[in-house]
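**Q** So the protein lines, in turn, are chains X and R.
For what it's worth, our numbering labels the leading residue of the first sequence as 128, then goes sequentially.
For what it's worth, our numbering labels the leading residue of the second sequence as 473, then goes sequentially.
Please note that a few of the clues may not be correct.
[What the hints assert, rightly or not] A few chain X residues facing chain R, derived, Cβ under 8 Å:
id, residue
1, Phe-148
2, Leu-278
3, Ile-299
Because the hints were derived from the structure by calculation, they are not lab data.
Don't be surprised by glycine CBs; every beta carbon is placed ideally from N, CA and C.
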Amino acid sequence: MAKKKDRTLMQGLVIGILFGFFLQKGGVTKYDVIVGQLRLIDFTVIKIILTAIVVSMLGISYFYPKKMVPVKTKPGSIKNATIGGLLFGVGFGLLGYCPGTIAGAIGNGYIDAITGGLIGIVLGTVIYAMMYGKLKEKGVLTQDKYSEYSLFHKIKENPFKFTLPFGAFLVIVMYLMESNGF
Amino acid sequence: MDFLMLERWSPYVVGILIGLLNIGSLLVSKKPLGASTSFMKFGGIIYKSFDKEKVKNNEYYKKNELKLDWGMMLVLGIILGAFVSAILSGDFNLIAVPDMWANEVSDSFILRFLAAVLGGIFLGIGARWAGGCTSGHGISGTSLLSVISWVAAIAFFVGGIAVAFLIYGM
Numbered sequence: 128m129a130k131k132k133d134r135t136l137m138q139g140l141v142i143g144i145l146f147g148f149f150l151q152k153g154g155v156t157k158y159d160v161i162v163g164q165l166r167l168i169d170f171t172v173i174k175i176i177l178t179a180i181v182v183s184m185l186g187i188s189y190f191y192p193k194k195m196v197p198v199k200t201k202p203g204s205i206k207n208a209t210i211g212g213l214l215f216g217v218g219f220g221l222l223g224y225c226p227g228t229i230a231g232a233i234g235n236g237y238i239d240a241i242t243g244g245l246i247g248i249v250l251g252t253v254i255y256a257m258m259y260g261k262l263k264e265k266g267v268l269t270q271d272k273y274s275e276y277s278l279f280h281k282i283k284e285n286p287f288k289f290t291l292p293f294g295a296f297l298v299i300v301m302y303l304m305e306s307n308g309f
Numbered sequence: 473m474d475f476l477m478l479e480r481w482s483p484y485v486v487g488i489l490i491g492l493l494n495i496g497s498l499l500v501s502k503k504p505l506g507a508s509t510s511f512m513k514f515g516g517i518i519y520k521s522f523d524k525e526k527v528k529n530n531e532y533y534k535k536n537e538l539k540l541d542w543g544m545m546l547v548l549g550i551i552l553g554a555f556v557s558a559i560l561s562g563d564f565n566l567i568a569v570p571d572m573w574a575n576e577v578s579d580s581f582i583l584r585f586l587a588a589v590l591g592g593i594f595l596g597i598g599a600r601w602a603g604g605c606t607s608g609h610g611i612s613g614t615s616l617l618s619v620i621s622w623v624a625a626i627a628f629f630v631g632g633i634a635v636a637f638l639i640y641g642m
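With the hints as extra help, turn the sequences into a complete structure.
**A** Next up, the structure:
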């Protein structure tokens, strides 16, 4: 049992190291690149995310019908994804890093990330934990029909029927961005 | 191995690699990439050392096991991996105030520090409220075709773009 636990931790570490390495090589461990995206002057972040989505989605389309990868999505509702998402966005714009890239920024040497940013994020989660009881009591944290919903559950016989055209659409979006100088 | 020394790779190459990494993570660990939960656990562990009872009785922390796990190792790994990459290409620099902020807002570290704390607080609350971050919703959830993740990811950028324009102007 102890061995299995160690192995899980080791997998997390190795996957994290690769993730951090790729993020840094992509330039997205840097404030100027991330905020450049939010100011719509540098489209690196969106290019990385959209490409990762296309590849990942096609991989899941291949492995999910063979039951080799789990498709477990988050609970919640459109309403709370919007409220939480906008709050997150305000923080994203002000801080200039998100939870994954702030870890990368720390590795890249950003002092504002390891001091103020880290303190702030951790504090934010503690504040949320303190608010949680009240939010639940007041009925804010509802779940709607999209809670834990994934389109993959509906199209598991042949997911490529949806993901190939959708992936192609995202590639065309990126092609148009690139050819228009973004 | 010269490519490991390069300062930047094409965003498309990086995107492909992150996509493959997410598939690998799902295949091997049965978990998608995500970062924000680990900050919550980290916060819970620190908070617990100040007030054990309060954390024990907190409804939110009760739902989550507060100990070193896969996700926290992932975040530690990100720090390490980014450090190694930056060192290899000579791109590691200690920067207190990022250039863009220093040139267009202020070169005061105190101001940047306070903005980072405030931004971090919004980020922490928002990530927990939405149930994920740019990795968990933005890359993993979107590619798992979760409608909630697509909505959250779009909201992250809508909020972020609005604040960036407020700070820096059009």
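**Q** If a hint holds in the structure, say so; if it does not, say that too.
**A** Hint by hint, here is what the structure shows:
no.: 1; hint: Phe-148; verdict: holds (4 Å)
no.: 2; hint: Leu-278; verdict: holds (4 Å)
no.: 3; hint: Ile-299; verdict: violated (14 Å)
Violated hints amount to a single one, hint 3; each of the other numbered hints is respected by the structure.
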